[in-house]
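Required output: the full structure, derived from the provided sequences and hints.
Residue numbers (the working numbering), protein chains in the order written: chain A, 1 to 289; chain H, 1 to 289.
Mixed in with the good hints there might be a few duds.
[Claimed, not checked] Listed below are the simulated DSS-like cross-link pairs for lysine-lysine, each with C-alpha atoms no more than 25 Å apart in a straight line:
{"id": "1", "chain 1": "H", "residue 1": "K199", "chain 2": "H", "residue 2": "K76"}
{"id": "2", "chain 1": "A", "residue 1": "K3", "chain 2": "A", "residue 2": "K151"}
{"id": "3", "chain 1": "A", "residue 1": "K199", "chain 2": "A", "residue 2": "K233"}
{"id": "4", "chain 1": "A", "residue 1": "K233", "chain 2": "A", "residue 2": "K212"}
{"id": "5", "chain 1": "H", "residue 1": "K3", "chain 2": "A", "residue 2": "K154"}
{"id": "6", "chain 1": "H", "residue 1": "K199", "chain 2": "A", "residue 2": "K161"}
{"id": "7", "chain 1": "H", "residue 1": "K192", "chain 2": "A", "residue 2": "K154"}
{"id": "8", "chain 1": "A", "residue 1": "K212", "chain 2": "H", "residue 2": "K212"}
{"id": "9", "chain 1": "H", "residue 1": "K3", "chain 2": "A", "residue 2": "K212"}
{"id": "10", "chain 1": "A", "residue 1": "K192", "chain 2": "A", "residue 2": "K240"}
{"id": "11", "chain 1": "A", "residue 1": "K199", "chain 2": "H", "residue 2": "K161"}
{"id": "12", "chain 1": "H", "residue 1": "K240", "chain 2": "A", "residue 2": "K240"}
{"id": "13", "chain 1": "H", "residue 1": "K110", "chain 2": "H", "residue 2": "K3"}
{"id": "14", "chain 1": "H", "residue 1": "K240", "chain 2": "A", "residue 2": "K199"}
{"id": "15", "chain 1": "A", "residue 1": "K240", "chain 2": "H", "residue 2": "K154"}
{"id": "16", "chain 1": "H", "residue 1": "K199", "chain 2": "A", "residue 2": "K212"}
{"id": "17", "chain 1": "A", "residue 1": "K227", "chain 2": "A", "residue 2": "K240"}
By construction, these hints were calculated from the structure, which means they are not laboratory data.
2 protein chains.
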Amino acid sequence: MEKIGFIGLGIMGKPMATHLVKAGYPVFVLSSSANAAALMKEGAVLMNNSKELAGNADIIITMLPDSPEVESVLFKDGLEHSMIPGSLFIDMSTIAPATSIAIFNTLQQKGIGSLDAPVSGGQTGAEAATLSIMVGGSETAFKRALPVFEKMGKNIVHIGKPGSGQITKACNQIVVGLTIQAIAEALTLAKKSGVDIAKVRAALLGGFAQSKILDLHGQRIIDRNFKPGFKIKLHRKDMKIALQTGREVSVPLPGTVVVASQMDAIIAKGDGDLDHSALALYLESVSGL
Amino acid sequence: MEKIGFIGLGIMGKPMATHLVKAGYPVFVLSSSANAAALMKEGAVLMNNSKELAGNADIIITMLPDSPEVESVLFKDGLEHSMIPGSLFIDMSTIAPATSIAIFNTLQQKGIGSLDAPVSGGQTGAEAATLSIMVGGSETAFKRALPVFEKMGKNIVHIGKPGSGQITKACNQIVVGLTIQAIAEALTLAKKSGVDIAKVRAALLGGFAQSKILDLHGQRIIDRNFKPGFKIKLHRKDMKIALQTGREVSVPLPGTVVVASQMDAIIAKGDGDLDHSALALYLESVSGL
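This is the structure we're talking about:
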C-alpha cells in the first residue's frame with residue numbers, strides 16, 4: 001500500500017485522513033493539533049517537518065483553506081524540494097485553477113505527478129466518505145489515486161487536464177450559490193405576499209424547478225435553521241475563485257456577482273459563519289421581514 | 001358531470017380541453033380556429049359568443065397569454081355579466097397575482113366562485129396531462145375543481161388564498177430562470193476554460209448542485225438544442241409578473257433582474273422564440289465564444 005502524507009487536518013481533512021488510516025494506509029501527519037492527536041490514536045504517524053513527511057510518503061495530500069496556504073506549504077516550506085521523484089501530489093483543497101496549473105507545471109519538471117481534486121459534500125460528506133471528487137490531471141495519475149479517492153468519496157469524476165478539477169468545483173459553487181439565490185428570492189416573495197412557503201416548496205419540488213437545494217435548503221429556510229452546514233464566508237471564498245477565473249478567461253458572470261455581493265453584505269453584518277442558505281435571511285431583511 | 005366552457009385554445013389550451021372532452025365532460029368553445037375545429041371533432045360544441053358560452057357552463061376555464069387578455073374576456077366582452085350565479089371561474093393562465101385577486105373580489109360579489117390555477121410543465125405536460133397545477137382560492141372551490149384538474153395534471157397543490165396560485169407560479173418562474181442562469185454561467189466558464197462541459201454536467205449532477213434543469217437544460221446546452229420547449233419571450237413575460245409583484249410587496253429580486261435583462265438582450269437580437277435554455281447562448285456570445 002502506498003504511504004500517504006496528509007497535510008491539513010481541519011474539519012474536512014481530519015475525517016478524510018481518518019478513512020485512509022482505517023483502510024490500512026500508512027498515514028503521516030505534520031500538525032500537533034488535537035485533530036492530529038485523534039488521528040495518531042487511530043495509527044497515523046507524526047512527522048517533525050514537511051521534509052521528513054515528504055521523505056516517507058509516496059502520495060502527499062493537501063486539504064487547506066485556499067491557494068496561498070497550498071503555495072506556502074509547497075514553495076515556502078520547501079515541500080517541492082523534499083518530495084521524492086515518482087511520488088504524487090494531490091491537492092484536494094478548493095483553490096484557483098491557475099494555481100493548480102502552476103503547481104502541476106512546477107512539479108512535472110521535477111518528475112513528480114500532480115492532481116487537483118477538490119471535493120463537494122462538506123463535513124457530512126467527508127465523515128460519511130461520500131464526497132464528490134472532481135479531478136484534473138493525467139489519466140495515469142488519476143488511476144494511481146483512484147483507490148485512495150474511493151476511501152473518501154463516492155462520485156469520483158476524472159474531468160480532464162490539470163486545473164479542470166478546480167474549474168469544475170468553481171462551476172459547482174456558482175450553481176449552488178445561484179440556486180440558493182433563486183430559492184431565497186422565490187420564498188421571500190411568497191412569504192412577504194402572505195403565502196405558505198412550505199406549500200410553495202412542495203409545489204415546486206414536483207415540477208421543473210426541482211433541485212436538491214430547493215429540497216434541503218428550502219426546508220432549512222422553512223425551519224429557520226441557519227447553523228452550518230457550509231459557511232457563507234467559505235462559499236464567498238469559492239465565489240472569489242469563480243469570479244477571478246471568469247476574469248482570466250473573459251467570461252462575465254453577472255448572477256455570480258450578485259450572489260457574491262449579497263454574501264459580502266451578510267459577512268459585513270457579522271453573519272459570515274451562518275450556513276449559505278442564510279442568503280434568504282439577507283433578502284428577508286432588505287424586504288422588511 | 002359539470003358543463004365546461006373553455007376559452008383559449010392555444011398550444012396549451014387545446015390539449016388541456018381535449019383531455020376534458022375525452023373524459024366525457026360537455027365542453028363549450030368560442031373560437032372558430034383550426035384548434036377549435038379539431039376539438040369539435042372530438043365532441044366540443046361551438047358557441048357564438050361568450051354570453052351563450054356562459055349560459056351553458058357550470059365551470060368556465062380560461063387559458064390565455066397574459067393579464068390583459070383575461071381581463072378583456074371577463075370585463076370587456078362581458079363574461080362577468082353572463083356567468084350564472086353558483087358557477088365557477090377558473091383562470092389557468094399565468095397572470096399577475098393582483099389581477100387574480102381583483103377577479104376573485106369582483107366575481108365573489110356576484111355569487112360566482114373563482115380560482116387562480118396556473119400550470120407548469122409546458123406543451124409536453126399539457127399533452128401528457130402531467131401538468132403541475134398551483135391553485136389559489138377557497139377550499140370549496142378547489143374541491144369542486146379537483147376532478148377537472150385531475151384530467152389535465154398530476155401534481156395539483158392547493159396553496160391557499162386567492163392569488164396564491166399565481167404567486168407560486170411567479171416563484172416557479174424565478175427559480176427556473178435563475179437556475180438556468182446558474183447552469184449557463186457555469187458551463188460557459190467551463191467551455192471557455194477548455195473543459196469538457198459534458199463531464200462537468202455529470203460531476204455536478206452527482207452532488208449538491210443537482211437539479212432537473214441541470215439535467216435537461218444542461219443536456220440541451222451540450223446538444224446545442226435551443227428549439228422550444230418554452231420560449232424566452234414567454235418566460236420574460238413571467239419574469240415581468242414576478243418583478244411587478246416584487247415591487248408591489250417591496251421585495252428586491254436582484255437575481256431575477258439580471259436574468260430578465262439578459263432575456264431582453266436575447267429578444268433584442270431577434271432570438272426571443274428560442275428555448276429559455278438559450279440564456280447560455282447569450283453568455284457565450286458576450287464571452288467571445
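Against the structure, the hints:
no. : hint               : verdict
1   : H:K199 with H:K76  : 55 Å, violated
2   : A:K3 with A:K151   : 14 Å, holds
3   : A:K199 with A:K233 : 30 Å, violated
4   : A:K233 with A:K212 : 21 Å, holds
5   : H:K3 with A:K154   : 56 Å, violated
6   : H:K199 with A:K161 : 12 Å, holds
7   : H:K192 with A:K154 : 28 Å, violated
8   : A:K212 with H:K212 : 9 Å, holds
9   : H:K3 with A:K212   : 42 Å, violated
10  : A:K192 with A:K240 : 31 Å, violated
11  : A:K199 with H:K161 : 12 Å, holds
12  : H:K240 with A:K240 : 31 Å, violated
13  : H:K110 with H:K3   : 20 Å, holds
14  : H:K240 with A:K199 : 23 Å, holds
15  : A:K240 with H:K154 : 42 Å, violated
16  : H:K199 with A:K212 : 19 Å, holds
17  : A:K227 with A:K240 : 23 Å, holds
Going down the numbered hints, you'll see the structure goes against 1, 3, 5, 7, 9, 10, 12 and 15, while the others check out.
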